[in-house]
Amino acid sequence: MTNALAFAALADPTRREVFERLARGPRAVGDLAQGLPVSRPAVSQHLKVLKAAGLVTDRAEGARRVYQIDPQGLGQIRAWLDRFWDQALDAFKAEVERDEGEPTS
Amino acid sequence: MSQTIQPAAIRKSLTVKASPEKAFAVFTDGFDRWWPRSHTIDKSPLKRAVIEPRQGGRWYGLNEDGVESPWGEVLAWEPPVRLLLAWRINGKFTYDPAVLTEVEVRFTPEGDGLTRVDFEHRHLERLGEGGEKARAAMGGPGGWGGILERFKTAVEA
Numbered sequence: 001m002t003n004a005l006a007f008a009a010l011a012d013p014t015r016r017e018v019f020e021r022l023a024r025g026p027r028a029v030g031d032l033a034q035g036l037p038v039s040r041p042a043v044s045q046h047l048k049v050l051k052a053a054g055l056v057t058d059r060a061e062g063a064r065r066v067y068q069i070d071p072q073g074l075g076q077i078r079a080w081l082d083r084f085w086d087q088a089l090d091a092f093k094a095e096v097e098r099d100e101g102e103p104t105s
Numbered sequence: 106m107s108q109t110i111q112p113a114a115i116r117k118s119l120t121v122k123a124s125p126e127k128a129f130a131v132f133t134d135g136f137d138r139w140w141p142r143s144h145t146i147d148k149s150p151l152k153r154a155v156i157e158p159r160q161g162g163r164w165y166g167l168n169e170d171g172v173e174s175p176w177g178e179v180l181a182w183e184p185p186v187r188l189l190l191a192w193r194i195n196g197k198f199t200y201d202p203a204v205l206t207e208v209e210v211r212f213t214p215e216g217d218g219l220t221r222v223d224f225e226h227r228h229l230e231r232l233g234e235g236g237e238k239a240r241a242a243m244g245g246p247g248g249w250g251g252i253l254e255r256f257k258t259a260v261e262a
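Going down the list, the sequences are from chains F and R. Heads up, the first sequence is in this note's numbering, so the first residue is 1 and it goes up one at a time. Heads up, the second sequence is in this note's numbering, so the first residue is 106 and it goes up one at a time.
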């Protein structure tokens with residue numbers, strides 16, 4: 001599930017920090033790791049998770065690998081809306097059937 | 106960067122134990138009774154959620170601070186069969202009259218007092234229009250930070 005992945009990916013505080021740093025602009029792994037209390041391999045690992053969740057993309061730039069947030073963010077917005085509507089429609093169903101009085105099994 | 110992303114429409118189908126008339130009425134007149142209070146684009150808590158019952162009517166949230174927050178308008182009002190709403194909340198989660206995505210809800214009788222509700226939110230690719238602006242605002246409260254806050258809320262809910 002894309003939603004579950006995206007939510008899980010952002011639940012980790014260090015990973016959120018990595019993601020927020022990327023929100024300011026594309027960065028290479030080395031740049032991202034600077035000032036973070038974790039090793040560079042750990043940052044790479046976080047980036048891998050963020051990528052698998054569809055939150056960031058990467059590209060080769062010479063010998064470096066540069067990471068960035070999905071330029072339009074549509075994947076994430078769609079995932080967010082999907083969850084949003086699931087919750088809304090669940091609530092709607094509950095209200096319609098509560099109103100109907102006779103619960104079914 | 107120039108790649109265009111075409112997200113699929115969001116489609117949901119559910120069956121409710123009610124007539125189409127009742128389902129349509131609860132969805133629209135009863136909107137405020139079921140719309141989740143968390144589903145607002147503002148910081149101020151949502152006091153009331155409204156769908157005005159006519160074509161061309163608006164749908165909006167009324168916040169505790171008295172501010173009305175528009176979401177779009179009613180494009181088609183066809184009780185008890187179909188409701189078509191304009192969703193003009195852009196990718197930055199702010200109201201943008203230039204953005205038009207559509208939310209369609211269809212109510213089909215299935216017999217035995219049941220109604221199938223087919224839901225679709227389409228043209229999501231239009232949420233990315235004005236992407237330059239969105240990128241510029243990424244660091245701002247309406248940008249990725251705002252989205253992250255919402256993710257966080259969802260995670261911790």
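Mixed in with the good hints there might be a few duds.
Only some residues are given here: those of chain R computed to face chain F with a beta carbon under 7 Å [as the list claims (entries may be wrong)]:
#	residue
1	Leu119
2	Arg138
3	Pro141
4	Arg163
5	Arg227
6	Leu229
7	Leu232
With a straight-line cut-off of 30 Å between C-alpha atoms, the simulated DSSO-like cross-links for lysine-lysine are [claimed, not checked]:
#	chain 1	residue 1	chain 2	residue 2
8	R	Lys117	R	Lys127
9	R	Lys127	F	Lys93
10	R	Lys152	R	Lys117
11	F	Lys48	R	Lys122
12	F	Lys48	R	Lys127
13	F	Lys51	R	Lys127
14	R	Lys117	F	Lys93
15	R	Lys152	F	Lys51
16	R	Lys148	R	Lys117
FYI, nobody ran anything at the bench for these hints, they're computed from the structure. Bear in mind the structure is a predicted one, so any value in this text is a computation, not a measurement. A virtual CB, placed ideally from N, CA and C, is assigned to each residue, including glycine.
> What hints, given by number in increasing order, does this structure fail?
Replying inline: As far as the earlier hints go, 4, 5, 11, 12, 13 and 15 are violated by this structure, in ascending order.
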